[in-house]
Structure formats: structure tokens, C-alpha cells
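Novice: Here's the letter readout for the chains.
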Amino acid sequence: MDSSRLTGEPSSNDGMEEVIKEFLVESNEGLDRFDSDLMALEKDKSSRELLDSVFRAIHTIKGTGSVLGYEKLVAISHAGETVLSRMREGKLLLGPEIATALLTMADALRQMLQEIAASGSEGDGDYDSVLQQLSAVLRAPPAPSDERSPAPASLDKDAPPFLGDILVTSAVCKPAEVQAAIELQDRGDPRPLGQILVDSGAAKPEAVAEGLRMQSEHRDLGSNTIRVDVALLDKVMNLVGELVLARNQVLQFTATQEDSSFLSTAQRLNLITTELQEGVMKTRMQPIGNVWNKLPRIVRDLSLGCGKRVEVEMEGAETELDKTIIEAIKDPLTHIIRNAVDHGIEPPEVRTARGKSPEGHLVLRAFHEGGQVNIEISDDGAGIPTEKLKAKAIANGLITADHAARMSEREVLHLVFAPGLSTAQQVNNISGRGVGMDVVRTNIEKIGGTVDVQSAAGKGTLLKIKIPLTLAIIPALIVTSGAERFAIPQVSLIELVRCEGEQAGIEDIHGAAVYRLRGNLLPLVYLNRELRLEGRTASDVVNIVVLQAGDHQFGLVVDEINDTEEIVVKPLSKQLKSVACFAGATIMGDGRVALILDVLGLAQMARVVSELHEQTISKNLAGAGEQTARRESWLLFRIGKDGRMAIPLSLVSRLEEFPASKIERFAGREVVQYRGQIMPLLRLADVLGYAGAGESELLQVVVYSSNGRSIGLVVEEILDIADQAAEVRHRQQSGNLTGAAVLQQRVTDLLDVPALLASQSLAGLEGVQA
Amino acid sequence: MSQPRQLCTFFLEDLFFGVEVEKVQEVIRYQEMTRIPLAPEVIAGLINLRGQIVTAIDLRRQLQLPARTGEQLPMNVVIRREDGPISLLVDEIGDVVEVEEDSFENPPDTLESRRRDFLRGIYKLKEDLLLLLDTEKAVSVAGVHAA
Chain F
4 MDSSRLTGEP
14 SSNDGMEEVI
24 KEFLVESNEG
34 LDRFDSDLMA
44 LEKDKSSREL
54 LDSVFRAIHT
64 IKGTGSVLGY
74 EKLVAISHAG
84 ETVLSRMREG
94 KLLLGPEIAT
104 ALLTMADALR
114 QMLQEIAASG
124 SEGDGDYDSV
134 LQQLSAVLRA
144 PPAPSDERSP
154 APASLDKDAP
164 PFLGDILVTS
174 AVCKPAEVQA
184 AIELQDRGDP
194 RPLGQILVDS
204 GAAKPEAVAE
214 GLRMQSEHRD
224 LGSNTIRVDV
234 ALLDKVMNLV
244 GELVLARNQV
254 LQFTATQEDS
264 SFLSTAQRLN
274 LITTELQEGV
284 MKTRMQPIGN
294 VWNKLPRIVR
304 DLSLGCGKRV
314 EVEMEGAETE
324 LDKTIIEAIK
334 DPLTHIIRNA
344 VDHGIEPPEV
354 RTARGKSPEG
364 HLVLRAFHEG
374 GQVNIEISDD
384 GAGIPTEKLK
394 AKAIANGLIT
404 ADHAARMSER
414 EVLHLVFAPG
424 LSTAQQVNNI
434 SGRGVGMDVV
444 RTNIEKIGGT
454 VDVQSAAGKG
464 TLLKIKIPLT
474 LAIIPALIVT
484 SGAERFAIPQ
494 VSLIELVRCE
504 GEQAGIEDIH
514 GAAVYRLRGN
524 LLPLVYLNRE
534 LRLEGRTASD
544 VVNIVVLQAG
554 DHQFGLVVDE
564 INDTEEIVVK
574 PLSKQLKSVA
584 CFAGATIMGD
594 GRVALILDVL
604 GLAQMARVVS
614 ELHEQTISKN
624 LAGAGEQTAR
634 RESWLLFRIG
644 KDGRMAIPLS
654 LVSRLEEFPA
664 SKIERFAGRE
674 VVQYRGQIMP
684 LLRLADVLGY
694 AGAGESELLQ
704 VVVYSSNGRS
714 IGLVVEEILD
724 IADQAAEVRH
734 RQQSGNLTGA
744 AVLQQRVTDL
754 LDVPALLASQ
764 SLAGLEGVQA
Chain A
28 MSQPRQLCTF
38 FLEDLFFGVE
48 VEKVQEVIRY
58 QEMTRIPLAP
68 EVIAGLINLR
78 GQIVTAIDLR
88 RQLQLPARTG
98 EQLPMNVVIR
108 REDGPISLLV
118 DEIGDVVEVE
128 EDSFENPPDT
138 LESRRRDFLR
148 GIYKLKEDLL
158 LLLDTEKAVS
168 VAGVHAA
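Chains as they are written, first to last, in my numbering: chain F, 4 to 773; chain A, 28 to 174.
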């Protein structure tokens, strides 16, 4: 056996490119593992396993690098290896300086790998400072030998053993000879270990070759995984998508066939396709840990940079996600983490002063729930200062002062996602967060996910991200409207309601329709009208698809509900990006194309989700002085002869009619028995002093519920539901009114229900169980 | 810039158009189409091109020509593009025509500006004038208002 075999040099250059490519991939992976293990080692200094792993990563890079002739790379990794072997010998204990030096080395190696990938050479970067840093660390005083120094060497069974160990075990060399050779290497001898041993006569070339063979055999045994090009996987995934479509077509065809052998074959095809689809999906699944592993490094660098101490904890790193989604959340996650460390977590002295532990905690959690992946990022930092956020939003003209005063805590927090707030530089320091949080939200929504933020001042912030498992093939409900078919992603679907005939229970007042669904008013959206499709002839049957859009529910009225189907999601071309209510398209069993509805986009279009519209409206009104506006659905009603009033539809739980004969008296009040409770009635005309409330046989009652108790507001007539921005003109605060606004071109008083109930000492009134 | 030599030709109304052969992925007969509610009106719909979903643009509407009449079904000229193919709906398909570089002229200034925008130039053939279509313009959807 000649010596070139020993050094492992390829005999020809044909496979060279392939070898280098593999070297780059493996080395980059090795460096990632190096980073995360080194940081774990910083916490658990006694772990021999981690130390071995860190050492092995650099050792491998050095070894392969020297075979390929990358001298600088070898020099630097060798310097790092020297530090690590001192640590293995227990002569050096990992401290912050050493860790920083080693991480800097890893960065230098990465940079060289990049150069190699781009130009084929290591480049002419100057890495002297890295080498100096490493040798400075070596000169540091030896670590005190306490009980925390690493345990004696033990070989991890799964990892390929070192050549020296093999030779010693198979009694080819004495341990001292191997040790001497390693020390030669440590002093800068560039020859591989085997070569040194052969040259010094400690081992015969055959024995070393045998040792190398055993080592590589071990490597082969250890790897029952293969590397596959992502492009190939994508192609297979696309083909499976096509197969699913073809399967759907065959299944549709079976409906018209009676040949039993064909039917059973089709059935088998169906099962196999489903399994194949699942299998291929699994190949594309990666644990979220793959992204998370990079985060501790970022946190470490950031927190060192700004003098903070941050501990990162991870739960559920094994949670799997489709590769495309992993790619898509990489940047948003990094951004969130940066924000948390930069702005969320306070410096140690501030934390101590506030009675918290000096080091901040950053917790990443991931788990599956309802076909979705939830990711939560929480910190125990300062939280989001809502008042400052509001002030800034007002200063930026994003909202008006009046509007700000009426915003809920949640709405205020959601301002961090507003685009205007993130761009202005000075906002970052004040608002706490908001550097590009709009981009974070956009990126997450792009893949069909949602972000929510919760924060408690002084206690911390929690970001919740929900994303789908995969984007490629999803279950969907197929509906028909205006002779067109549409697919609705199953994740947004809550239930299907079919109402027939008169008791349909749809209150259709001037085009704004609501449906009474188990006591709650569900706003209805007619797909025909929203998409301007030809309506079909009136029918007794109304099909309602109850959908979840963000935090809101609404009912989508469609002509027909067809079936659920696995659909292959295809993106729409960029010419169609402006149409917000479609998420993509798919090919149906009959080969025709059907559009996939974007539930959130549709809800926004139909103004079911009002919150998202506030921003534009506020912008339109910027500079409108005292006036404020909030786009909302209002229930308009008449009290007395000509009193016109409105309350937010969101406060209304039901509209009821009671015959006057049903009224009973209880504790000096008018009450009715309503759904197992005694519900007090409040005649608004009497209470508010409007004249002309005639005695009617049928009482119109607006049921207001709070904390599980109901109160019936008796009005003369339900007028309409108005969906518009109410500009409060007079904020007179006359006790029971929040003000007046022009709704549907007429001045309308806005009733302050909680204030009214308080004044009637009804706020705490219990609906007594009947 | 090197001038194209082979043009795939088609007719719209009485106009004779050409597109560089390299840009054309294929020419197919009328396909059943799924229309897209609320989409800009120049978009005719979506077609299923062997499992791929392709947006079809009505070139008549794009060029503000009168709508197609009668029984005549349009043909699809599928244009190859970096971000996926796009189909242009045309009246009829012509031959592949070889053109001489020196027969090329810029579109005359007298042409109505909107139509002129869609032309890269004109080839003077023996019998006809062949209008070289600017495919980038043809597939762009201008003045889209968010629905």
C-alpha cells in the first residue's frame, strides 16, 4: 500500500469537486454543532461528551482540510484544536474568553469555507488576530483542578473513534507513541497522524491502513442517513402533488363505474397515494431545533455586546415542520430574539434593582396543536411600555389621541406590528420593540400563520406564533357560489350550518345580515356579493360556513357545500397579488382550476375584522382635529317616538321579541324568563326620558350580556346595522351617552351601556337561576 | 442588443403580431378557464396547463381592442417567464416568420400612446406590417387597485 492511500488523497481529480462540495457541507454542519455544543459546554463544564463533540468537529475539519490542502484553514483549526486538547487534558477550563476565542475561530473558519465555496480558494483574509487570540488563551494561568474539570476520556459509541485509539486498542502502537505523534502535531507538524506513526516506525503502513479502514467502516455503520438534494425532494414533492390530483380524478371517475375490480384498484391507489404523500412530507420535515440552534449564538453575541446576561431555554426543539416553513420562519425568529435581548431584557443592575435575577430568561417553546405548530417566545424583561408606544403612534399620525384613549390593551400592543412605527429610528429606543416587527408579521402571515403579542409591564413579553405544518397539500372544504367552486382551508373552518325555511334565524336588515348562532350574533358575509358573482335564484336553504379569521368569527354564506378534499396549493402569479381574498389556486378532480379563499383577506374585505382597518381610517383622519373615528358595526334602534340611538354590535348578544304578557315582576323590576334565567328588562325610553313609548304587545329587546349575565334593553324598533366609522362629534359624557355621531347621514346618540347599567344599579345584578 | 430573427406570429382583430420564438413556451388551443372574481379585467382567468396553473391575459382587453365576438374561441400563446409561464389569449395563430434586421423600425409616433406602449417595433414585411409585441408590457397589469 502506497502512502498516498494513507493520507487519503484522491488518486485522480475527477471526484475532486464532489469531495470539496461534501467537505463544505459537512464542515458547515460541523461548525453549527460546534457552536451549539460549545455553548452548552459553557453551562455544563463537566460534560466530557460535549467536549469530545466540540473537539471532534474541529478535528474533522482540520483533517479533511489538510487532505484538500487548505493551509490557512488547517493552521487556524489546529490552533483551536490545541486549545481544546488542553481542555481535554484538564489543563484548561472553559471560560468566557476561551469560548469567545473559539467562537471567533469558528467564524473565521466559516468565512474561509464561504470563500472556498465562492472562489475555490481560502481567500486572502488576515486571520492573525484569531491565532493571537487563541494563543493568548493558551498562556492564561492553568485552571484550578477542581471537581468540575472534565471526567476522563470516554469514547462516544456512535462517533467514529480516533485513529490513535484504534491503533492502541488493536495493539499496533503503544499509547506513548500515539501521544508523541499527537504532540508533534500540536507543535505544528502538518502530517496526518498515520503518516507520523509510519515515518517514526511506530506502525507498519498496512496496520495504519487497516486502522483507517476500520475507522471509515465505523463511519459507514454509524450513518443510516443519506444526503439528498433539496431540489430533488421538491421535485418528488411536486410529483406527489400531481399524483394526488390524478388520484382525485380517478376517484371521481369511480363514482360512475361499477366494475368491482376497477373500484378496488382505485381504492388501493387511493390508500397508497395517501401513504406516499405522508411519507414524502415526512422527508421534508425538519425539527425546529435546526433553526433554534443558531439562536443561542446570536443571543450570546448580542448580550455580551450590550452587557446583559441572558439564558436561553428551549422546549420542544424536536417539533417538526416542513422545510419551506423552517426557511420562512428563520428570519422572523432571529428578529424577535434580537428584539427581546436588545430591548426586552434589562441590564443586570436594573434587573437586580427590580428584584429579578440578574440574568434574563428567554424561553422558546414549540408544540403541535390542531394541525398547526405553535411557537412561543417569551422573555422576563421590561415588557412593552404601552403608554410610550401610544404616544409615539400618535406623534407619527398613526392614530389620534382620542382613538388612543379608547384602544384596548391588546390593540395598543398590536401597534408594534404597525409599519409606521418600525421605520422611524428614534422609536426603537422608546417603544421597546418594533424594529421591523411589521416585517415579522408580514413574513409569518405570508405562510398562513398568525402572530400575537402579550406583555405585562415590568414582567416580560410573550410572542405567540401559529403556523401551518406544511404549505404544499392541505385539507380543504369545497364550496360553490355563483357557479364557481372555491376551496376553503380546513384550518379556518369551525362548523357548517344549514338553515331551512322561515326559522332560518337570519336577521337581514338593510343588507347587513347577522345569524343567531347559539345565542351569539354571527356576522354574515355573502360570498356571491363579496366576489360580485351572479347570485342564484332565491332558495329556502341557506348554507353557512362558520369561519375563524384572526380573533373573529363570521359566517360565509355559499350556494352549496360540496365536499372536503386534499388539495395541492399552487401560488397565484404576481399579476393577481392585488386580489386579497385568494390564497392560491388548485386543480380539482375534473381538471379544472379552483381558487382557494384567503379567509383573513376575505374577512378584511367584508370588514368583519375591523381592527385591521383602523390604521387606514386613522390615517385618513389624521389632522381631523377633535374628531375621532372607529370603524365598527353599530346596531341602530329607535327609542320613544324619535330617539335614534346606537350601540356597538359587539356588545349585543341577541335580538329577541317578547310578548308583553311574558313580563313578570321581581324585586321591583320588570323581568322575563329567558333561557333558564330571570332576565331584568330596562325600558330605555323611560330610563333616558324619551316620550312616546307606546304600550306595545310585542317588546323588542336587545340582549346585552356581561360576565354570563343578561340584561334586556327594551327599544321601540330595531332600525339597522351600520358598518362605518363613527365620528364622535360631541363628547358630552352626559352620563349614559358616550357621545353622538353621524351614522347613515343622521345624528345618532351612542349609548354607554355599562354606564347606564351602573346608574340603574344593575351592573352587579345577577340573573337569578330559575 | 441582437435583433430576433424568428417570430411566432398571431392575429388580433386585423392586426398582425409577433413574439420572439425563444420567449414562447408553446401554443395551445382554447382551454377551459376559471375566472377570477375581482381580478383586474385584463386577466381572463386561470387555465390548467398539464397540472400547472397559468394565468391567462386577454390581449384584446390589454390593447383596448373591441371584445371578441361570436363563436370564435381564443388561442393560448404561452409565454415563458422567470416566475412561471403566462398565457396570452389571441384570436388566431400565424406561422413562424423569419424577419430581416433591416426591415425593423420603431413604432411610429402617430400611434395612440397606449397601444404604442405595448410595441417594441415594427417589421416591414412584403405584404404586411408585423408588430413586435413587448411581452413584458403585455403581461403587466397596470393600474391594479387593491380589491
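Source of the hints: derived by calculation from the structure; they are not laboratory data.
Where hints are given, some of them may not hold.
Claimed, not checked - Pairwise CB distance ranges (calculated):
hint, chain 1, residue 1, chain 2, residue 2, range
1, F, Glu21, A, Arg107, 51 to 59 Å
2, F, Leu520, A, Tyr57, 31 to 39 Å
3, A, Gly97, F, Gln493, 37 to 45 Å
4, A, Gly97, F, Thr337, 57 to 65 Å
Claimed, not checked - Just some of the chain F residues that point at chain A, by a computed CB distance under 7 Å:
hint, residue
5, Leu242
6, Leu536
7, Val572
8, Lys573
9, Ser576
10, Gln578
11, Leu579
12, Met591
13, Asp593
14, Gly594
As the list claims (entries may be wrong) - Negatives, chain F to chain A, calculated, CB over 10 Å:
hint, residue
15, Gly244
16, Glu245
17, Val756
Positions of the beta carbon are idealized from the N, C-alpha and C atoms, including for glycine.
Novice: Which hint numbers does the structure go against, in order from smallest to largest?
Specialist: 1, 2, 5, 7, 12, 13, 15 and 16
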